[in-house]
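A.B. asks: Per the numbering used here: the sequence shown ends with 314, consecutive numbering throughout.
Rather than coming from a laboratory, the hints here were simulated on the basis of the structure.
Wrong hints could be hidden among the right ones.
Label-pair ranges, simulated between beta-carbon atoms [what the hints assert, rightly or not]:
#: 1; residue 1: 227; residue 2: 93; range: 38 to 44 Å
#: 2; residue 1: 126; residue 2: 224; range: 24 to 30 Å
#: 3; residue 1: 295; residue 2: 174; range: 48 to 54 Å
Where is the CB? At the ideal position from N, CA and C, for every residue including glycine.
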Amino acid sequence: MKIYNNIKDYFLNKEKRCNDYSNRFYIRSIKEDSSKDIEPDEIYLEPHKRDFFEIGVLLHNTVEIKIGEQTLQKRDNSLAIVSPYQTINYGKKPQKDDDEGYIIHFKATLFETLNNSFDVQNEFPFFKIHTLPLYQLADDDFTEILSIVKEIYQESRADKMHHLEIVRSLLQILLYKIKRITQNDDGIISMNRYDAIMAKFEQLIHASNNTFMAVKEYASMMNISPIYLSECVKKASGKSAQKVIIEYKIMSAKSLLHQKNRSITEVADILGFNEAANFNQFFKRNTGITASQFRKK
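Given only the sequences and the hints, what does the whole structure look like? Please build it.
C.D. replies: Printed below as a string of structure tokens:
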């Protein structure tokens with residue numbers, strides 16, 4: 018499956034006026050694309066993945082978008098939030114549409130502190146890597162979000178002094194506003210039961226603070242059987258519950274390895290390995306390289 022990593026070349030992100038900040042950021046207006054009668058390339062109608070985050074701030078949306086096994090339906094005043102490596106494909110644009118809103122793509126490297134995907138997902142739990150968080154916002158909340166997005170859009174095209182710092186700061190403000198609005202999953206549009214189970218499972222993994230448990234322990238915390246948890250996770254993500262835990266553990270390991278002041282032995286200990294050799298075997302088995310090789314890269 019094709020994985021896209023160039024933000025400005027992706028989908029409809031090709032306007033010259035928008036600065037992509039060295040392939041780390043892009044924001045586009047859905048309404049402007051519609052007014053220019055721009056159609057996406059056929060390649061984006063096929064399932065594919067990206068290595069960057071996406072936030073759709075949707076005043077009105079009619080284009081069918083499939084993320085994983087879920088299809089984004091027509092919505093007003095909503096947020097669609099997609100994490101790296103989720104499968105996505107787009108439907109064709111209706112002949113007549115009045116779609117309006119903004120799409121933001123960004124990589125964690127845009128930030129100075131939250132500069133890898135795990136840190137972003139840990140700080141902003143609405144970025145769940147295996148589910149589709151779709152939020153229906155109250156009018157006041159959506160208006161507040163939209164005003165920040167419009168300012169980001171204008172700043173990214175103004176090419177004025179300190180525009181990168183301002184875009185970066187506004188994006189962080191936007192993410193914290195979304196976090197505050199969605200902190201109790203208020204307004205989340207529930208797709209089905211197994212997606213809700215999957216979301217809760219990921220929340221528990223995030224909350225474990227590098228103490229990763231067995232599937233049966235997470236199931237016990239959710240008051241369901243390990244078999245039912247595994248079935249729900251498989252339906253929602255196409256992966257086993259154990260595989261999801263491993264993916265989060267690898268993401269956490271990579272985040273810790275970025276901290277050069279920590280030894281590999283210390284990283285192994287934080288993640289619950291008795292010996293650094295066992296950690297290295299685990300890391301290489303799941304990434305293809307050792308922890309030392311990853312750190313050198």
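A.B. asks: Hint by hint, note whether the structure agrees.
C.D. replies: These are the hints, each one checked on the structure:
1. 227 to 93: 38 to 44 Å: For residue 227 and residue 93 the Cβ distance comes to about 40 Å; the hint holds.
2. 126 to 224: 24 to 30 Å: 25 Å, holds
3. 295 to 174: 48 to 54 Å: 51 Å, holds
Violated hints for the displayed structure: none, as all numbered hints are satisfied.
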